[in-house]
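S.K.: Heads up: the sequence shown begins at 4 in this note's numbering, then just goes up one per residue.
If you're looking for bench data, these hints aren't it; they were derived computationally from the structure.
Just so it is clear, CB atoms sit at the ideal spot from N, CA and C, and this is done for glycine as well.
Any given hint might turn out to be false.
Claimed, not checked - EDC-like cross-link-like pairs, simulated, lysine to aspartate or glutamate; straight-line CA separation at most 16 Å: (1) Lys-72 x Glu-157; (2) Lys-160 x Glu-65; (3) Lys-72 x Asp-36; (4) Lys-238 x Asp-189; (5) Lys-198 x Glu-231; (6) Lys-154 x Glu-65; (7) Lys-194 x Glu-231.
To be verified - Have a look at the derived ranges for each label pair, beta carbon to beta carbon: (8) Phe-118 x Ile-206: 23 to 31 Å; (9) Glu-157 x Ser-95: 40 to 48 Å; (10) Leu-10 x Val-216: 47 to 55 Å; (11) Phe-182 x Ser-95: 16 to 24 Å; (12) Pro-108 x Glu-157: 35 to 43 Å; (13) Ile-217 x Phe-21: 33 to 41 Å; (14) Ile-107 x Ala-62: 45 to 53 Å; (15) Thr-94 x Phe-182: 17 to 25 Å.
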Amino acid sequence: MKYIDHLRELRNRILISFIFLIISFFFFFLNVDFVGKILTKPLFFLFDESSNQRMIFTALPEIFVSNLKISLFASFLVSVPFFLIQIFLFTSPALYQNEKKIIIPIMSLTPILFFGGVLFAYFFLIPVIWSFFLSFENFMDSPFPIELESKYSEYMKLTMYLLFASGLSFQFPILIIFFTKIGLFDHSFLKKNRKYFYIGILIFSALFTPPDVISQIGISIPLIIFYESSIIFIKYFFKSK
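Please model the complete structure; the sequences and the hints are all you need to start from.
M.R.: Structure follows, in structure tokens:
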């Protein structure tokens, strides 16, 4: 295939991906109420009374802008597998058979682990973090009541941020296995430098989570489990390498 043909194919792949993203965006924007209910459920589930299941907004365009961000976020999540397929279809003709044996499993595991991280944050991490924050309502005796009035835009921004950070963190074992496959890491290296990877995990957790210990621990624990599991996997899977 000529160089200009590669550019045309790249253009077509990008165009197809962009169209898919736009269609997904409009679909979710038209159903943004349903997506919003899903995102607010972890918080509202912690309230005893339905009257407390409310949020506020303090600027006229706040709801509209937040709904745009929610729609874009949801469309991006749905588009991740489609983007990966387009990348593989574009690069596969130039790959050798042994290279495809590396790329195909990675392409397959990437969306699975990413959505696994999103689900982990939604069903476990976020409810624990919200419970921790809500506990400060009655943390101190006060002559006046201290109650949560959650702002719609801030809540959605923080929730989507945690979902994305968790999904991104679950790519950690793929990176380890990939670097091992290309010869950058091995079982002995990972075992010997365990403490440095732990420090990196803690730094990542501190940077990509809110400034509280609960969320940082919640991200760090699965990453450490992934790291130790990767060492065991590499020890046996790459034993003959």
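S.K.: Could you run down the list of hints and mark each one as holding or not?
M.R.: Hints and how they fare:
no.: 1; hint: Lys-72 x Glu-157; result: holds (12 Å)
no.: 2; hint: Lys-160 x Glu-65; result: holds (12 Å)
no.: 3; hint: Lys-72 x Asp-36; result: holds (13 Å)
no.: 4; hint: Lys-238 x Asp-189; result: holds (8 Å)
no.: 5; hint: Lys-198 x Glu-231; result: holds (12 Å)
no.: 6; hint: Lys-154 x Glu-65; result: holds (10 Å)
no.: 7; hint: Lys-194 x Glu-231; result: holds (9 Å)
no.: 8; hint: Phe-118 x Ile-206: 23 to 31 Å; result: holds (25 Å)
no.: 9; hint: Glu-157 x Ser-95: 40 to 48 Å; result: holds (43 Å)
no.: 10; hint: Leu-10 x Val-216: 47 to 55 Å; result: holds (50 Å)
no.: 11; hint: Phe-182 x Ser-95: 16 to 24 Å; result: holds (22 Å)
no.: 12; hint: Pro-108 x Glu-157: 35 to 43 Å; result: holds (39 Å)
no.: 13; hint: Ile-217 x Phe-21: 33 to 41 Å; result: holds (38 Å)
no.: 14; hint: Ile-107 x Ala-62: 45 to 53 Å; result: holds (47 Å)
no.: 15; hint: Thr-94 x Phe-182: 17 to 25 Å; result: holds (19 Å)
When held up to the earlier numbered hints, the structure conflicts with none and fits them all.
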